[in-house]
Every structure is written in structure tokens, then in C-alpha cells.
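Participant: Below are the chains, spelled out letter by letter.
Protein chains: 2
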Amino acid sequence: MSSESESSRKIVTAAMLVIGDEILSGRTQDKNVAHVATHIGEIGIQMKEVRVIPDVEDEIVDALNHCREKYDYVFTSGGIGPTHDDITADSVAKAFGVEIDYHPEAMDILTRHYQTSGIEFNEARKRMARIPFGGELIDNPVSKAPGFRIENVFVLAGVPMILQAMMESVLPQLSGGAKMLSKSIGAHLPEGKVAEQLGALQKRYPEVSMGSYPYFKHGNVGTNLVLRSVNEGDLEDAYQELQKILTELGAEFDLPE
Amino acid sequence: MSSESESSRKIVTAAMLVIGDEILSGRTQDKNVAHVATHIGEIGIQMKEVRVIPDVEDEIVDALNHCREKYDYVFTSGGIGPTHDDITADSVAKAFGVEIDYHPEAMDILTRHYQTSGIEFNEARKRMARIPFGGELIDNPVSKAPGFRIENVFVLAGVPMILQAMMESVLPQLSGGAKMLSKSIGAHLPEGKVAEQLGALQKRYPEVSMGSYPYFKHGNVGTNLVLRSVNEGDLEDAYQELQKILTELGAEFDLPE
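As given, the protein sequences belong to chains A and B, one line each in that order. Adding 1461 to a residue's 1-based position in the first sequence gives its number in the working numbering. Adding 1461 to a residue's 1-based position in the second sequence gives its number in the working numbering.
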């Protein structure tokens, strides 16, 4: 077996830590999880857990140490700005048991940026150049202050526009595995009507994960049926069988692109 | 000190478990966290942690047992429908070490509902009446299949419309503590400009949590400064001082309602 086909079968996993009181309080709606999950999914990395935690050092350290041990990759968002509540870099250093100090390259980038823009490079802004020992910078084309990677952990900004820009340079650094393929059907029926047949179908295709998501829209009841698998043949077979089941139940359904 | 003022000072905490592969894959954007966090916040319960986990029994059991021990309340969303992937009730029973079976009252509710609507009350739909021993039902006025409460854990539906309806009957069951009050300022300046003064202000008001959230909108750079505290006097004083700081910096700012 070639190493390529080995890697195409391997399950590669990730977790994400969303760091910030604003998401927890409900004031701000997170947009970063869906972005990261979708983009790593496309290269064969499955998001397995997300934790939203406050700007509290012990919480960050505990969650990070749990996740970096359990999953292949960990992404964090938030807490790397210039203000006193930006404690992610220090917490990451503590989790890894390494020192943290001004990173020469980060200082260069920020010094040039603030010189060019005529903005004072004050002590608070210099905090953004503090990187745990062993960290490699992640480019921030939007506002310059870099993220960083240390081992399997990628420390990203919380502002969605910046996180998305950082992910552009992170994605090529990741080694994906088996790609999770998915097919979905929008069925115009309540999920209780197809539940038994779906359960039986699931038993016949253990390698296809079958999810059922009811919706209530404009007075209509329907169910999105989602099949996911790393095995393309099984996925296609199960998808065809599911359409046959729905037809036999007399249900209309849509097949999205 | 009266018991009322005792309860108004107590910090009451909560966590939420969002259960479902669909949120993790990035296909579906969670809307339930913000709803629950906002509504419990209004009665003095602080959301301290959120975990998004897959439909996997061990993951649900571990996360639930961690959170129900650590926080005053736990809310779960998702996984209580009629299909094979709905394993939340069984996982909750396992976490509490109790049996699970058809709950007589839940069976009554569903029997009547399906009789009235002329829909078959099949085996799959009966699954929705399975409640861990000791669980008390939570009313579902939308689609009838109930949620349930067991000790400090509230098990809710994943469909936002149903979760929101369930929360209506959950909220009166909760005992809130100190209400987290907040004031915010939209400052028309980059956060690095106010970071040092904000850090110094934070030191003078340890009971006010000060958050700084930069934004980039239509080419403008700005910062939302959010002050949060259970101490109304400190909050107001810090808020006034912060406005003075921004004025001295020559920054324009908005004071939202």
C-alpha cells in the first residue's frame, strides 16, 4: 500500500477553543467555528470538539492541554490583542511549560507597520509581539499582529476577518487524512416517519454516519437527512437506498447540489 | 443580612453542551447558545463554558459529568428526537447512573398528540417518551415531545424554535444570583491606543471586568469596550472614568442604549 493511500484513509481530528467572555455572554455570535470546521473538513480534518471558555488563564490551560493531547490539531481564536484581557499567548506558554518573550520577527513586523502608518508603537501594542518559545509566526495581512503555531496548536485572532486571513496560511501547513464526504436530502416529511427505516439503513451501513435534522419552516415540517462517510462507495449506495425509501414512503424530497 | 440580599450577591454559573455532528462539521450555525446565555444572564446566571460535542455516548457522558459537577446548572441542546442518532437521553441516564424507560406522562402526551393529528405513533416516535428515572418533563408546546430536567441538568431540543419554547418553562425553575450588569462604549479608535489606560483602569476596579473587542467595518477601525460587574456603583464609576479617558485621547465614541 502506498503512503498516499495510507494517508487518504487516516482519520485526522481537530478541536477548537473559542476564547472570550463576549461569546459566552451571548452578546456576540461566534462565526469562526463554522469557518475553521468547513475549511479543515475540505482537506480531510474532522472537527471533533469545540469549547467556548472565558478569558481565564486556568480555564485556557486546562482546555488546551486536554485538547492538544486528544486531537491531532487544535485551533484557538481570540485573546491575542494589545489589551489586559488578551491573555491567550501567556496561557499557551503556561500550558506548554515554556517561557514567553518578545519575538524578534514579530517585533520587526510591528515596528515597520507602526512606523509606516505613523501610529505610536506603545507598550500595549508591543504585547502583541510576545510569543511563547518555540512558536512560529502566522501571517496577519489585515492588521499585522501575528498569530503563532506551537507544535499542533494554532493560535489565531478572534476578529473573523483576521482569523480567515490567518487560516489562508495555516491550511497549507496541515496534513489532512480521509476526507469526510457528505450527501444530503431535504425530505418533506416529519423525521418520525422515516426514523425506523433510517435506523435500519444505518445498521446496514456502519461506515456511513446518518444524521437526521428536523426543521419547521413557514408552517412546513421537514427533515434534512445527512449521510457522511470517508467511504465513497458506501456513501453512494446508502444515498441511493435512502432515496428509494423516501419514494416508497410517498415523500417528496430535494437533492441539494 | 436578609436572605434576599444574600441571593442577590451569590454568583450562579451554568454550562451548555451543544450535542450534534452538524454544528461541529460547520454545516449548521448554532443559534441556541446566544439564546440561553442571554436569557439566563437576565436572571443572574452566568454562562461559564460551552462545549460542542458529537453524537457519541462517551463524549456526552464525560462532558456532562464534568459540567454538572463544576457549574450550578447545565443545559443541553440536541439529540432528543426519534431517530437512531438521538442518544442524548440514554447518555444522560448513563452519566447519572440511572435506568431509562418510557415515562407514563410523556407517553400520554405523545399518544394524545398523535391521535389528534392522525399520525402513526410508531416505535421510533415512542423513543421520544424515554426519560431517565428521576427526570421531570419540560413542556414542548411546538412539537409535543418533551425535554426533561434531572437534578441540575436541563435536556432541551436542538431545533431553535423548540428550545426557545422550552426555555419559557425552564426559566421560572432557575434560581438566579448576582446579576451581571454591563455597559458598553463604541470607541472610534484602534484598541492599541486605549489599551494602557484601560489596563490601568482595570487595576483600579478589580470588580469590573473590562473587555476590549476591536472591529473593522467599512474601512473603519474601532473598539467596543465592554464593562461588566455585579457591583452597580463600581460599574457606573468605571464607565464615567472610561468616557473621560476617551475624551482626553480625543476619540469620538458612541454610548449604546
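You may find that some hints are simply not true.
Identical copies carry no separate label here, and so any pair may be met within one copy or between two of them.
Unchecked claim - Capping the alpha-carbon separation at 25 Å, the derived lysine to any residue pairs in SDA-like fashion look like this:
no.	residue 1	residue 2
1	1492	1708
2	1587	1715
3	1531	1548
4	1678	1602
5	1492	1622
6	1640	1651
7	1492	1658
8	1471	1713
9	1531	1677
10	1492	1625
11	1531	1702
12	1587	1709
13	1531	1644
14	1531	1587
Keep in mind the hints are simulated off the structure, nothing from the lab.
Participant: The structure should be examined with respect to each hint, and the outcome stated for every one.
Facilitator: Evaluation of the provided hints:
1. 1492 <-> 1708: Neither, since 37 Å and 32 Å both go past 25 Å.
2. 1587 <-> 1715: Answer is neither; intra-copy 54 Å and inter-copy 27 Å both fail.
3. 1531 <-> 1548: both (23 Å within a copy, 23 Å between copies)
4. 1678 <-> 1602: Cα proximity of residue 1678 and residue 1602: across copies only (16 Å, versus 41 Å in one copy).
5. 1492 <-> 1622: Answer is both: 10 Å inside a copy and 21 Å across each meet the 25 Å cutoff.
6. 1640 <-> 1651: This pair counts as neither: shortest intra-copy Cα distance 30 Å, inter-copy 41 Å.
7. 1492 <-> 1658: Result: close neither inside a copy nor across copies, 35 Å intra and 30 Å inter.
8. 1471 <-> 1713: neither (37 Å within a copy, 54 Å between copies)
9. 1531 <-> 1677: neither (37 Å within a copy, 35 Å between copies)
10. 1492 <-> 1625: both (10 Å within a copy, 21 Å between copies)
11. 1531 <-> 1702: Neither: 36 Å inside a chain and 45 Å across chains, both beyond 25 Å.
12. 1587 <-> 1709: between (66 Å within a copy, 22 Å between copies)
13. 1531 <-> 1644: Neither: 28 Å inside a copy, 39 Å across copies.
14. 1531 <-> 1587: neither (33 Å within a copy, 36 Å between copies)
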